[in-house]
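**Student:** For reference, the chains in residue letters:
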Amino acid sequence: MKQPKIQIRDLTLFYGEKMALNSISMEIPEKEVTAFIGPSGCGKSTFLRTLNRMNDLIPNVRITGEVLVDSLNIYDKQIDVVNLRKKVGMVFQKSNPFTKSIYENVAYGPKINGIHDRKKLEVIVETSLQKAFIWEEVKDRLHDSAMGLSGGQQQRMCIARALAVNPEIILMDEPASALDPISTAKIEELIFELKKNYTIVIVTHNMQQAARVSDLTAFFYLGELVEYGKTRKIFTTPDKKQTEDYITGRFG
Amino acid sequence: MERHFEQELDKLNKRILKMGNLVSEQVHNALEALLTCNNELAQQVINTDNKVDKLDVKIDKLCQRIFALTQPVATDLRLIMSALKMNNDLERLGDLAVNISAKIEGISDYKEILTELHVDELAQMTDLIVKDVITILNTRNTAFVRDIFLSANAIEERVQAISARIIEEMMHKTEVIVVATNLMIILTQIDRMADYSTNIAESVVFVVEGRMIKHNKKSFLESDTSG
Numbered sequence: 400m401k402q403p404k405i406q407i408r409d410l411t412l413f414y415g416e417k418m419a420l421n422s423i424s425m426e427i428p429e430k431e432v433t434a435f436i437g438p439s440g441c442g443k444s445t446f447l448r449t450l451n452r453m454n455d456l457i458p459n460v461r462i463t464g465e466v467l468v469d470s471l472n473i474y475d476k477q478i479d480v481v482n483l484r485k486k487v488g489m490v491f492q493k494s495n496p497f498t499k500s501i502y503e504n505v506a507y508g509p510k511i512n513g514i515h516d517r518k519k520l521e522v523i524v525e526t527s528l529q530k531a532f533i534w535e536e537v538k539d540r541l542h543d544s545a546m547g548l549s550g551g552q553q554q555r556m557c558i559a560r561a562l563a564v565n566p567e568i569i570l571m572d573e574p575a576s577a578l579d580p581i582s583t584a585k586i587e588e589l590i591f592e593l594k595k596n597y598t599i600v601i602v603t604h605n606m607q608q609a610a611r612v613s614d615l616t617a618f619f620y621l622g623e624l625v626e627y628g629k630t631r632k633i634f635t636t637p638d639k640k641q642t643e644d645y646i647t648g649r650f651g
Numbered sequence: 045m046e047r048h049f050e051q052e053l054d055k056l057n058k059r060i061l062k063m064g065n066l067v068s069e070q071v072h073n074a075l076e077a078l079l080t081c082n083n084e085l086a087q088q089v090i091n092t093d094n095k096v097d098k099l100d101v102k103i104d105k106l107c108q109r110i111f112a113l114t115q116p117v118a119t120d121l122r123l124i125m126s127a128l129k130m131n132n133d134l135e136r137l138g139d140l141a142v143n144i145s146a147k148i149e150g151i152s153d154y155k156e157i158l159t160e161l162h163v164d165e166l167a168q169m170t171d172l173i174v175k176d177v178i179t180i181l182n183t184r185n186t187a188f189v190r191d192i193f194l195s196a197n198a199i200e201e202r203v204q205a206i207s208a209r210i211i212e213e214m215m216h217k218t219e220v221i222v223v224a225t226n227l228m229i230i231l232t233q234i235d236r237m238a239d240y241s242t243n244i245a246e247s248v249v250f251v252v253e254g255r256m257i258k259h260n261k262k263s264f265l266e267s268d269t270s271g
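Protein chains in written order, with our numbering: chain G, 400 to 651; chain H, 45 to 271.
Worth flagging that the hints you see were computed from the coordinates, not collected in a lab. Where a beta carbon is used, it is the ideal one built from N, C-alpha and C, also for glycine. A couple of the hints might just be wrong.
[Said to hold, decoys possible] Pairs of lysine-lysine, BS3-like flavour, derived with a Cα cap of 30 Å:
1. G:530 / G:476
2. G:632 / H:129
3. H:262 / G:639
4. G:640 / H:98
5. H:175 / G:632
6. G:640 / H:55
7. H:58 / G:640
[Claimed, not checked] Which chain H residues stay away from chain G? Per the calculated CB distances, all over 10 Å, these:
8. 108
9. 122
10. 129
11. 153
12. 175
13. 185
14. 222
15. 261
In isolation and in its complexed conformation, chain G is listed as follows (with noise of 0.2 Å):
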């Protein structure tokens, strides 16, 4: 396994009264691609979530644990959440776009971070969506408003939004299930690129992308990791009986 990029010890989260996640502890390596799986209501989300304290917007949750990212916990008072995030960005299952034009939505975390030269944006804007692949299909109209694009171009510009900032982490959560399938292939094919560069942690109920895009696959099952290891193992072999039948369909 490459060295660890994220580190999770303990971790244990509550909504309200509701132990949704009860101490986790895995390790997560550095320019590879994470899956985790699991039945709704699982906890996949929730945890991928704690990895860059998004959660912290929901009231009544409580965590406790640690979450190193390059050995620092990110939950210690004195780490900047925004940093953080810059440093851990997220994709979402349904695409954001803003109401603005392509150029402006890949450029608007870079002018957030206090990047406001026009040439210094271009290069970044261009750069961002060719690293997502798709600034072929949107080179010529960069001022057109971003809601005209596609559905699967919405999400790759997404992504290519959180590159912009410059991220060494990115979380996915379900980037390809509202996607028809040529769509889905091609967010698919840029996972397979971007690790190269970047560490990718996503969640996903398609348990054949899982299967083809990821290196590591976590099996979350009631708030609890069941069985995490190198993805052609959990496919082909998997240790314990619970991922067995979540895999095969026979419960879940």
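Once you've looked at the hints, dock chain H against the given chain G.
**Tutor:** Then chain H, alone, in the frame of chain G:
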């Protein structure tokens, strides 16, 4: 709720087992025909081979359909991969039974030599190993895989010993060369029957335990003390 997929797997299991029983019967009849020099029974084995071939194609097609439509994983994946392989091994076992049957006429004038060389014992061992491996295939009880490997080794040793005696005979009596050659061919088929039986046993271990033990039987025998 039973998955539709479960029905497909059930169908596959049943067909593999049907193939196993059919081939086991073919092997039994071929060996019986050999020991009794029964040309009629030998011909029956040859005629029945098309049944084996038809079932072979049917199983291949079913596996192909399951792969294409259900993208199986874990145990299901191992089962279907192995079903393809076991089907192939069973079909080859059937071919070997046909090969033996085709040579029986060529040795029928020298029936007594079979007892003299203890080919009858060898045939019994071979009949048993094929029957046993079909039982393992049916019960998925891998505890007996070890016995299959040991029997296969014993068969191989017997074949070598008998072959050495035949070669010696041939050197001294040129008149036996034709029958001896036929017998050597039959022995090769028997040796291969033991090989295919071990292949099938290995596949069952892969399905049940996820372990690939092919090319590594020695360490399996050393590590596995069950049975």
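**Student:** Taking the numbered hints from earlier one at a time, note which ones the structure violates and give those numbers from smallest to largest.
**Tutor:** 1, 4, 5, 9
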